[in-house]
Amino acid sequence: KPIVAITSLGTSALKYIVTLLPELEKRGFEGAVFHTTGMGGSAMESLIKLGRIVAVMDFSLVEISNYYFGSEVNAGKDRLEVAGKFKIPQIVAPGGLTVVDAKTWSQPPKDFEGREFRPHNRLITCAALSASERKKAASIIGEKLMKSKGPTAFIMTHGGFDDWDRDCLLYTSDAADERSSVDLGGR
Numbered sequence: 001k002p003i004v005a006i007t008s009l010g011t012s013a014l015k016y017i018v019t020l021l022p023e024l025e026k027r028g029f030e031g032a033v034f035h036t037t038g039m040g041g042s043a044m045e046s047l048i049k050l051g052r053i054v055a056v057m058d059f060s061l062v063e064i065s066n067y068y069f070g071s072e073v074n075a076g077k078d079r080l081e082v083a084g085k086f087k088i089p090q091i092v093a094p095g096g097l098t099v100v101d102a103k104t105w106s107q108p109p110k111d112f113e114g115r116e117f118r119p120h121n122r123l124i125t126c127a128a129l130s131a132s133e134r135k136k137a138a139s140i141i142g143e144k145l146m147k148s149k150g151p152t153a154f155i156m157t158h159g160g161f162d163d164w165d166r167d168c169l170l171y172t173s174d175a176a177d178e179r180s181s182v183d184l185g186g187r
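Each residue of the sequence shown is one higher than the one before, starting from 1 at the first, in the numbering used here.
Since the hints were made in silico from the structure, they are not lab data.
Computed from a prediction, not measured in an experiment: that's the story for all the values here.
The beta carbon of each residue, even a glycine, is placed where N, CA and C say it ideally should be.
Among the hints, a few may not be true.
What the hints assert, rightly or not - With a cut-off of at most 25 Å between alpha-carbon atoms, the simulated DSS-like pairs for lysine-lysine come out as follows:
#1 Lys-15 with Lys-87
#2 Lys-1 with Lys-77
#3 Lys-136 with Lys-85
#4 Lys-15 with Lys-85
What the hints assert, rightly or not - Simulated DEER-style distance windows between Cβ atoms:
#5 Phe-154 with Arg-118: 25 to 31 Å
#6 Asp-111 with Arg-27: 39 to 45 Å
#7 Ser-139 with Ile-91: 38 to 44 Å
#8 Ser-132 with Leu-47: 33 to 39 Å
#9 Lys-136 with Thr-157: 17 to 23 Å
#10 Asn-121 with Val-18: 17 to 23 Å
#11 Lys-149 with Ala-43: 20 to 26 Å
#12 Arg-122 with Arg-27: 25 to 31 Å
#13 Lys-85 with Ser-139: 16 to 22 Å
#14 Arg-27 with Arg-52: 14 to 20 Å
#15 Leu-47 with Met-156: 36 to 42 Å
#16 Lys-15 with Arg-118: 27 to 33 Å
All chains should be built: construct the whole structure from the sequences, respecting the hints.
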């Protein structure tokens, strides 16, 4: 069966994976889920380069903000460019764009020292991006998607980008109020 790559990050992703996988199977595809903790994005993009992936549903972009804000939990500077370079159809959503990750046993990224981190699991902890950091991450994502040589769609979610992006969980009210101000480069 042709393989469709799907990125995810934790339980927030389970909501769409439960729906997507059976629908893909009904249509003759196999879904391969990649957990975006650095290794997941790298593994997915390696399979794209090998010609094993026919489409990408990239719904967790935390590896991009992780890379640009200095986290060790990243997939490198070319993350989100490989599918477009190889003309693989992709649907992209900003899941995970609200946080930066750190290893629980390691120091947080330099610019995030002193910020509150909340556990994602026993290996990864997360801190909220500020409104200006989210805008920077969105701009980087927009620039990367504009380089795509293949079919690319960006979909915006309603009610937050992920489970962390809810009032009273990780964000202060001023950060939550600025959710809607994310700009993908005006494109």
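Query raised in the report: Arg-27 and Arg-52, beta-carbon distance inside 14 to 20 Å?
Result: Given range 14 to 20 Å: holds, Cβ gap about 18 Å.
Query raised in the report: Measuring from beta carbon to beta carbon, are Lys-136 and Thr-157 in 17 to 23 Å?
Result: holds, 19 Å
Query - Cβ separation of Lys-149 and Ala-43, checked against the hinted range 20 to 26 Å - result: holds, 22 Å
Query raised in the report: So the hint says 27 to 33 Å: do the beta-carbon atoms of Lys-15 and Arg-118 match that?
Result: violated, 20 Å
Requested in this report: Look at the Cβ atoms of Phe-154 and Arg-118 and judge whether their distance stays inside 25 to 31 Å.
Outcome: holds, 27 Å
Query - Supplied distance hint 16 to 22 Å, evaluated on CB atoms of Lys-85 and Ser-139 - result: With a Cβ separation near 20 Å, Lys-85 and Ser-139 satisfy 16 to 22 Å, so the hint holds.
Query - Range agreement (Cβ of Arg-27 with Cβ of Arg-122, hint 25 to 31 Å) - result: Violated: the Cβ-Cβ distance is about 36 Å, outside 25 to 31 Å.
Requested in this report: Go ahead and decide if the range 39 to 45 Å is satisfied by the Cβ distance of Asp-111 to Arg-27.
Outcome: Since the Cβ atoms of Asp-111 and Arg-27 sit about 43 Å apart, the hinted range of 39 to 45 Å holds.
Query raised in the report: Between Ser-132 and Leu-47, does the C-beta distance stay in 33 to 39 Å?
Result: Holds, since Ser-132 and Leu-47 (Cβ atoms, about 34 Å apart) stay within the stated range.
Report task. Please test the hint of 38 to 44 Å on the beta carbon pair from Ser-139 and Ile-91. Result -> Between Ser-139 and Ile-91, where Cβ atoms are some 20 Å apart, the hint is violated.
**Report entry** Restraint check for Lys-1 with Lys-77, where alpha carbons must lie at most 25 Å apart
**Finding:** With a Cα-Cα distance of about 31 Å, the restraint between Lys-1 and Lys-77 is violated, given a limit of 25 Å.
Query raised in the report: Regarding the pair Lys-15 and Lys-85, is the alpha-carbon distance no greater than 25 Å?
Result: With Cα atoms ~29 Å apart, Lys-15 and Lys-85 exceed 25 Å; violated.
The structure fails to meet hints 1, 2, 4, 7, 12, 15 and 16 from the earlier list, while all remaining hints are met.
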